[in-house]
Amino acid sequence: MTDTRALYIEQRVSNEASSPFVAYLLWFFLGMLGAHRFYLGRWSSALLMLILFGIGSALSVILVGYLPLAVVGLWWLIDAFLIPGMIERDNDDLRWQLARELP
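With my numbering, the residue at position 9 of the sequence shown is 9, and numbering never jumps.
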């Protein structure tokens with residue numbers, strides 16, 4: 001791989017990469033709704049998180065909903081450590097895709 005090709009790929013990756021700052025802001029303020037996972041492109045797990053939060057909120061009136069809320073809360077806490085890895089994995093996938101597209 002030539003230097004100009006590698007430089008081009010890295011420039012594209014830095015321009016198109018998700019921002020860790022935005023991801024952590026979404027995680028902190030809207031994390032229980034899965035907003036950070038939507039932002040990072042993890043749609044299926046974000047929808048699951050949103051559904052669990054909705055079910056837990058609706059059923060907390062009859063004291064059954066605290067279990068789904070606890071699961072979402074634990075998931076939210078673990079995601080604080082997973083966000084950098086998610087962003088790095090997306091960047092690696094983008095590098096691989098760009099390297100395959102360029103002649």
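Hints may be right or wrong, so weigh each one.
[Said to hold, decoys possible] Estimated spans, in silico, between C-beta atoms of each pair:
1. V71 - R100: 37 to 43 Å
2. F21 - S60: 43 to 49 Å
3. N91 - Y66: 33 to 39 Å
4. I51 - F28: 35 to 41 Å
5. L47 - Y8: 31 to 37 Å
6. Y8 - W43: 26 to 32 Å
7. S45 - N91: 47 to 53 Å
Don't read these hints as lab results, they were simulated from the structure.
The structure presented is a predicted model; accordingly, all values stated were derived computationally and were not measured.
C-beta: ideal position from N, C-alpha, C; glycine also.
Comparing the hints with the structure gives:
1. Look at V71 against R100: about 38 Å separates their beta carbons, and that is inside 37 to 43 Å.
2. Under the hint 43 to 49 Å, the C-beta atoms of F21 and S60, about 32 Å apart, miss the expected range.
3. Against the hinted window of 33 to 39 Å, the Cβ-Cβ separation of N91 and Y66 comes to about 38 Å, which satisfies the hint.
4. Judged by the Cβ atoms, the range 35 to 41 Å given for I51 and F28 is violated: they are separated by roughly 21 Å.
5. A beta carbon spacing of about 35 Å between L47 and Y8 agrees with the range 31 to 37 Å that was offered as a hint.
6. For the pair Y8 and W43, the beta carbons lie near 29 Å from each other, so the given range of 26 to 32 Å is met.
7. Between S45 and N91 the C-beta distance comes to about 19 Å, which lies outside the given range of 47 to 53 Å.
Taken one by one, the earlier hints fail for this structure at numbers 2, 4 and 7, listed in ascending order.
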